[in-house]
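Trainee: Chains A and B are the protein sequences, given in the same order. Residue 226 in the working numbering is what sits at position 226 of the first sequence, and the numbering runs on without skipping anything. Residue 71 in the working numbering is what sits at position 71 of the second sequence, and the numbering runs on without skipping anything.
In short, the hints are calculated from the structure, not lab data. Predicted model only: the values in this text are computed from it and were never measured. Please note: incorrect hints may appear among the correct ones.
To be verified - Distance condition first, Cα-Cα at most 27 Å in a straight line; then the derived DSS-like pairs of lysine-lysine:
| id | chain 1 | residue 1 | chain 2 | residue 2 |
| --- | --- | --- | --- | --- |
| 1 | A | LYS6 | B | LYS107 |
| 2 | A | LYS6 | A | LYS44 |
| 3 | B | LYS107 | A | LYS44 |
| 4 | A | LYS42 | B | LYS107 |
| 5 | A | LYS42 | A | LYS6 |
Okay, here's what each chain looks like letter by letter:
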Amino acid sequence: VTDWTKLNAYVDGELDADGAAEVASAIARDPQLAARVATLSKLKATTAAMPVQAGVPPPAVLNAMRPRRSLFVRRVAIAASVLMMFGAAGTWLAWPRPTALTQTAQYSDNLNRAFAAHRAWIGETKAIATGAVAGDRIQIAPGSRELIRVPDLTATQLSLAHVSPLSDRTTVGGVLLGYVGPNGCRLGLWIADAGRSGFGPEVRDVSHDGTIAHFWQTGATNYAVVARGMDPARLSMMATAIAALVARDHQLDDGLRAKLQIAASQGGACVG
Amino acid sequence: VVLRHRVEQALLDNWRRLFGYALSLTRNQDEANDLLQQAAVAALAARTGPDHDGATRAWMFRIVRNTWIDRFRSERLRRTEELTTANEPTDAVWNFDDRLIAEMTVKAGLDRLEPAQREIIELVDINGFRYAEAAEILQLPVGTVMSRLSRARLALLEAIGETKDTSGNVIVLDAARRRKV
Numbered sequence: 001v002t003d004w005t006k007l008n009a010y011v012d013g014e015l016d017a018d019g020a021a022e023v024a025s026a027i028a029r030d031p032q033l034a035a036r037v038a039t040l041s042k043l044k045a046t047t048a049a050m051p052v053q054a055g056v057p058p059p060a061v062l063n064a065m066r067p068r069r070s071l072f073v074r075r076v077a078i079a080a081s082v083l084m085m086f087g088a089a090g091t092w093l094a095w096p097r098p099t100a101l102t103q104t105a106q107y108s109d110n111l112n113r114a115f116a117a118h119r120a121w122i123g124e125t126k127a128i129a130t131g132a133v134a135g136d137r138i139q140i141a142p143g144s145r146e147l148i149r150v151p152d153l154t155a156t157q158l159s160l161a162h163v164s165p166l167s168d169r170t171t172v173g174g175v176l177l178g179y180v181g182p183n184g185c186r187l188g189l190w191i192a193d194a195g196r197s198g199f200g201p202e203v204r205d206v207s208h209d210g211t212i213a214h215f216w217q218t219g220a221t222n223y224a225v226v227a228r229g230m231d232p233a234r235l236s237m238m239a240t241a242i243a244a245l246v247a248r249d250h251q252l253d254d255g256l257r258a259k260l261q262i263a264a265s266q267g268g269a270c271v272g
Numbered sequence: 001v002v003l004r005h006r007v008e009q010a011l012l013d014n015w016r017r018l019f020g021y022a023l024s025l026t027r028n029q030d031e032a033n034d035l036l037q038q039a040a041v042a043a044l045a046a047r048t049g050p051d052h053d054g055a056t057r058a059w060m061f062r063i064v065r066n067t068w069i070d071r072f073r074s075e076r077l078r079r080t081e082e083l084t085t086a087n088e089p090t091d092a093v094w095n096f097d098d099r100l101i102a103e104m105t106v107k108a109g110l111d112r113l114e115p116a117q118r119e120i121i122e123l124v125d126i127n128g129f130r131y132a133e134a135a136e137i138l139q140l141p142v143g144t145v146m147s148r149l150s151r152a153r154l155a156l157l158e159a160i161g162e163t164k165d166t167s168g169n170v171i172v173l174d175a176a177r178r179r180k181v
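Only chain A is shown next, with the shape it has when bound in the complex (with noise of 0.2 Å):
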């Protein structure tokens, strides 16, 4: 330890009673020493006065977390976590499963679709540039009028890897855009156009050969959440809240954010 570390140490009060009074009488001999130490504890005083830095944001991921309920509303939560703690518990840990893609026929072309166009970018053997990044907007097919943005997840440390060909979306009739975490997950997001057959403003999941998809309609784009491998509880966080971003325009305010990160949180390592 240096003189001047001990000094400082001196100053922050870390020396023990010896070495506190070593300090103290050598700066009473050394007018230097206690310039020093008048040096320094201005400083630090200084620095400690500093204010807090102005423009702080709210801590929007409290009131996600923990959304304001009417006075009704608690009252039956908590008669609702009585009774399940008579008996209704497992059932309500489990997490629903996805509904199978048999018993969504009328939405099983386009959901096949969505399917199909993930299983062929994961089945790449190497990465394909993109040539778009988040925020772009891009045709959802060759000569379709209508550019869809491409929604920027960063929130939730998913970043653009994949956006399929022109020539794919001409044949499967969407595009899919491949989000890949820092560990390797990889999210699928499908838009197509609803034509006439809209999933409706509701997300809804359904399970295929064991990936799972969460789909809803925003005007008439028809969109598509696709993984394989994601912990259920994510994944249908993540649509809902992908899901919001698409219908706010794009517009990430802290609250929804804090939505996509939480839903990035939730569950345990993906493996798809």
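Go by the hints and put chain B onto chain A.
Mentor: Positioned in the frame of chain A, the structure of chain B alone reads:
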């Protein structure tokens, strides 16, 4: 439930300070906000944590730091100051005119420090952590915290001595304003 409540309270009580720390790591308001929200999510989701309020604050700072390392995997903090900062004051005795060490010059000086130097000052001087607590947050030996802090303050004094205004004009003269005793 007890841990969750303690973490929520610690987040509310320290939110502004935690944001300041996140900002000192990221140097960017949006990234700091993102980092803090993500760290808060991680803290709230934790199943184990400190068993008393006193330790929860330091634990929160450590989570912010670990989240930053995980998220940005930045090399910035690894560029430590050892190569650029002397261990001891050299020619002058650092007897500054009191007016030099003012809020504005300290803030400007902090902005010019290496990330690791700014971080240790943020923890000890601004947030009031003891050396042992800072060592726990940074996952470093206490001796390293001591030497890093002393070098950081030396660098800060150097920076204060060279503080310039936004036009690049020196508003505080360096050696000329220091008085040798």
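Trainee: Now tell me, hint by hint, if it's right for this structure.
Mentor: Hints and how they fare:
1. Among the hinted pairs, A:LYS6 with B:LYS107 is consistent with the structure: their alpha-carbon atoms are about 25 Å apart, no more than 27 Å.
2. Distance restraint check for A:LYS6 and A:LYS44: the Cα-Cα separation of roughly 15 Å lies within the 27 Å cut-off, and the hinted pair is therefore satisfied.
3. A C-alpha spacing of about 12 Å is found between B:LYS107 and A:LYS44, which places the hinted pair at or below 27 Å, so the restraint holds.
4. Under the criterion of a C-alpha separation no larger than 27 Å, the hint pairing A:LYS42 with B:LYS107 is consistent with the structure, at around 14 Å.
5. The suggested pairing of A:LYS42 with A:LYS6 holds, with an alpha-carbon distance near 17 Å, which does not exceed 27 Å.
Violated hints for the displayed structure: none, as all numbered hints are satisfied.
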